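With chain A held as given, fit chain B onto it using these hints.
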Amino acid sequence: MEWMLRLIEGGAGSLAAYLAAHVLLCLLPAFFIAGAMAALIPKASITRWLGRATPAYVSYPAAAAAGSLLAVCSCTIVPLFAGIYRKGAGIGPAITFLFFAPAGNIMALAYTGSILGPEFAVARVVMCLLFGIGIGLLMALIFWRDDASHDAQTDTLFAEQARIAPAALGVLLSLVALLIAGTLKLWPLTATVATVQLPIPWAEAWQATLFHWVPFDAAKGEEGVSFQGSVLIGLLLLIAATAWRGLENIIEGANRWTWLALGLAASTLLVAALRLTPQPGGLEVALTGRFLAVGLTLGAVWHFARRLPADDWRAWLWEAWRFVKQIFVLLVVGVFIVGMVRQVIRPEWIESLAGSNTVLANAVAVGFGVFMYFPTLVEVPVARMFLDLGMHPGPLLAYLMADPELSLQSMLMVAAVIGRTKTAAYVGMVALFSICAGLVYGAWVDGLGSVPLAGALGTLLLALAVALAWLRRRQRAEPAA
Amino acid sequence: MLTIKILGSGCANCKKLEAVAREAADNAHVQADFVKVTDMKEILAFDLLSTPGLVINDKLVSSGRIPTVAEVQKWLV
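These protein sequence lines are chains A and B, in that order. Going by our numbering, the residue at position 474 of the first sequence is 474; the numbering climbs one at a time, nothing skipped. Going by our numbering, the residue at position 19 of the second sequence is 19; the numbering climbs one at a time, nothing skipped.
Just chain A, same shape as in the assembly:
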């Protein structure tokens, strides 16, 4: 009984700490960015670079761009993947797109950065980009006959052209600026501009109560809930309550609840940017550079959003709300369960399995990623738990690369589109490349210089690209001869 209580306490504690500390500043703008990408970027502005006639040096980067800008949910990933494969640039770019989408999209990026640290986010993106293009090139090399047979068909799917509207671009850029202003831990943002003393006598007592409710052990990397955190959790609950009424039918127009929910979301970001410190007899409110930056970028978002056509901003808010409904609940449950599991796992186990950067440790991490299926983004708190328990960053990156790419669900989906042989080749390559990525990142963390590493990776990619170009030329020469 006591054991059960301890588990539940662990789950609740980790959930409260996540809600209070991390989720707000990075995920709130990230949901709006993802919504804006889904609703405001015309797909044709990128997919026109994915047609059959496009040269490889354009189609592979375009496929990666599509992965990070267009593919925020499975509604887009599967049809676009199948479209590129069957009617467009072929299997290589299709695989690049598929591989890069889970790591390159804005929510994964923001969430990884805020929970595991910016260097992990950068490593994840760079490795996935390099290896996504690498695996795509390899697949195109191995299965080139297949692409040749597709070439006989004509396509109109990728011929359409479109441009992103200036107002929409303005909204997107100011949202990204908002995300950066809210999360980056750099000087002008962390500086204190002014402090105000509020006479709230119960602030200190409330903080003591919070620490009593959510006990934490800093040595294990756990975090408590601060006074500010409790205010943020309260605001978050208010947003949830108003958003149901305000955003569920946004397609038909805005109502009072819509404005209330949006106003609350903006105030949450502003409160999160302040620094609230309970003191004897009152509450010290520090106005930070971050507060000013968040306010400024919020103003910019508002300025550009007002110039959007009504259909566009409604679609934007609907998509953002849909992502919240789809992901947030799973994330909350996931974080709770991670907090419970953490009470059971002993650091020694992780230490002995994946405590150092070896091939075996990386392979174990990849194997774990393949057999465990976590819903979107839950892999990130899981990774945080492993990191705190002593896992080496190398194997951790290998796990982060393998988990979203190689879940059972995604394998079945890929098999339905490209067949079993190619899926098997793809899975094998992803496993192999994830292990390599882990080893490389691990070596970098352990102190190997970044110049020789980057050089080696670049050379590898270049060799692949040259081989593909040579094959293409031979292919074209063959029917003529």
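Hints should not be assumed to be uniformly reliable.
Claimed, not checked - Ranges between beta-carbon positions, derived for each pair:
1) A:Gly295 - B:Glu71: 33 to 39 Å
2) B:Val30 - A:Tyr373: 19 to 25 Å
3) B:Asp47 - A:Asn249: 29 to 35 Å
Everything labelled a hint here was simulated from the structure, so no lab data went into it. Every value quoted in this text rests on a predicted model; they were computed, and no experiment measured them. We treat Cβ as the ideally placed atom computed from N, Cα and C, and that holds for glycine.
The following block gives chain B in isolation, referenced to the frame of chain A:
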């Protein structure tokens, strides 16, 4: 009698699209047969890059977004 197909794996957008299409059919006093297509292979037979897709009498009229009721009404007549 029209056949209206909703293409999509059952995500929130597909349900929304179906509601919009039903309302449009009611408004236009059009008798229509609604078919939900969830099988990926069947969906991919149409030229679309993103679900949900709306098909009226085997012609794809919109994909990747939720049209308004007024738009769907125009396509129905």
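- Go ahead and decide if the range 29 to 35 Å is satisfied by the Cβ distance of Asp47 (chain B) to Asn249 (chain A). holds (31 Å)
- Query: At the C-beta level, are Val30 (chain B) and Tyr373 (chain A) separated by a distance inside 19 to 25 Å?
  - Reply: For Val30 (chain B) and Tyr373 (chain A) the Cβ distance comes to about 43 Å; the hint is violated.
- Item | C-beta pair Gly295 (chain A), Glu71 (chain B): status relative to the range 33 to 39 Å that was hinted | holds (38 Å)
Checked against the numbered hints given earlier, the structure breaks only hint 2 and satisfies all the rest.
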